[in-house]
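A.B. asks: Sequence:
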Amino acid sequence: MSVKGSLQILALLPLLQTIVLAQDGRFIVTGRQTALNTTSGERPTRMNVNQMQNDGGALWDLFILGLAEFQAAKESDEQSYFGVSGIHGRPYIPWNGVGAAAGGNGRGFCPHGEIQFATWHRPYVAVFEMILGQHVTTVASRYSGSQASAYQTAAENWRMPYWDWASDYNLPASATTPTITVNGPTGQTTIKNPLYNYKWQQFPLNTANNYFPTNTDRNCWGWPETTRQPNSQGQNQFNIVNQDLADVNNPLKSQVYRIMSTVTDYNTMATYGTSGLSFEAPHNDVHTSMYAIMTYLDYSGFDPIFWLHHTNVDRLIALWQAVNYNNTIQTGSYRTRGLYATPANSVITADSDLKPFYRDANNFHTGRTASSTKNFGYTYPELVHENSATKDQLRRSVIRSVNILYGDGSMANQPDPAASSSVAPAPSSTAAPTSSAAPQSQSVASASAVSSSAPSPSSSDTADEDNGDGEDNDGGSTEVPTPAPTPSSAPAPGPAPGPGPAPGPGPAQGPGPAPAPAPAPAPAPAPAKGKGKSSGNNRSNGNGNGNTINWGNWSWLFGRRSRMVKREPTLSDLELIPEILGKVAPVLGDAINGVAAKVSGGDYGSIGKHVKKPAASSSGSSYGSKNKASPVPAAPVKQYSIGVQVERSELPLPCSLVFSIGKTYVGHTTLLSMPLEGPTYDDLPLDSAIKAFGMSPVDVNKIQDLLTAQIKMASPFYY
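Per mature numbering (1 follows the signal peptide of the UniProt record, and there is no 0): the sequence shown = residues -22 to -1, 1 to 697.
If a hint is listed, it holds; no wrong ones were tucked in.
No farther apart than 30 angstroms at their CA atoms in a straight line, the calculated lysine-lysine pairs in the DSS-like style are these: (1) K170 to K52; (2) K680 to K669; (3) K680 to K641.
Calculated from the structure, these hints are not laboratory results.
Produce the complete structure using the sequences and hints provided.
C.D. replies: As structure tokens, then:
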């Protein structure tokens, strides 16, 4: 064999890399291990899907063509698109040699409404990325001539893109067209768009042992492919999806910002089962805005948008972990209600198995081993310098990016404190296809990261000293990162607004109060039986535009004693304010009498609620003069909030609970599944409501009397 021939074979070796399997055939979840720099630790970046489409070229072509081939794989193959998507819920079958556990719930592997939500989906998306990456590599090997090298290099660097729904509420334009044109190995070609939907190869599959998919399953809507806000003919209504996303756009953006800027406890961040301030909450909003397949956890994994969505959820969690780098895994333990492969009442800790994802031939991944993206061969745009920066530098840089993407822009036009260390990644999450007519979120050209005192590690510790395996992170309580004063040229705002995030990584003003939920209209008549679909525009936003929804009023009836809710108040809304002038702990208010909640058509259980006796947080933002080196501290900004907990009951899932004080919207939480102890929403901001009614914030009785909630159905009647 000639030397030239040998070199050619060696050049193809990276492309021939296959999925790692144990001797018994188990799929080992390593992440995509191509184009890794073993010297520097640098890894390829997961891009914003809009940016990837904007850039075009080899990465985009390979993504689309690879996904099309992935979806075409036989559904009987465990590593097919059908097989991987089915891990999440339906069709309730074993995967990777992991079967149903005695005492489990007999349904999907995925945990929702509990702390494992955050880490379980990380290896899950990694599995999808690994197998799709194989198809990308295969497609790249078909290019020849002058294109061969570029496409083979692109294949090595390809990673799963994400959809940043918090900075741009429109569906990616690339996911809204039935066909798509790309450059294939033989030239330009137009194919069925794999981001548009997934069409089941066997439909209906009406068998006794595989009740999925079937045309009698109401959650499939009787259609042979995934749909988003379908009309009565099964046609996607993307304009309605975008309108629904827009209806919650400010909450989506402000929820992300509030979580990033106020939550410092991992367990709180990880699931709405512990608090409303969790990435699982806006995650749920995105699911229900899609309606149909995406609304139901057992089916959602089959919609291609699911994977762009969950890659973004993983990204947000990774950014949060960079900001809170001493609190990156679960603390304590809880008992699960059970999963397909996990018996009910099992004790779950950071070292519990994330089934069915093996990390080696004998052991599953755990919350500890899945705590870092480094273990799976990828990074995100905001984290590209994590191997060259200290943890504190990376933290400041991520906070700066969060300010730009999700803040109000009040930190604009200031230098990056980490710039001297070359840590100044420009966020790309707001990029969108130039051909798209979708309005773009405004982004700030430059902004300052909050200069903050860090957790205990010294500044000499580099961000990559932790090898990412979690072994040196015991999940213990550490000093909470508290920012130091940051200069700002922005004018001092007035009293703290609400609802919306408390001042976070930089002075931030939350969005103005959303309109109060409208009175509940009478339920629309159910459509005629048959296909099991609702006619008309199946909007779920409840805005009174003639859409088929079911709103129910909750009547808060006082006088009946319920259990006392003892949820300790949190100081999280103080932690990332640029200047802390002193901390005054809120005091838990007296328990309020229990109430009975009734919705037209049925009793949905008892509700317990409490109000944190409003107390001044004695926290304020720092506002600078023209001399940016000399920040001028502002007067403390007092903030007030309440918390609500609904006892576990048979709510009509999926649904949203919308809270108001009088006619002033204060918050909502969307439930796709019922948390173990019922849904909780802490820190509903009250500043706007207090101002609107001219009340004294300590007048708890008046606030109680005005507190209302509504159940917003995530889907209309379709029986």
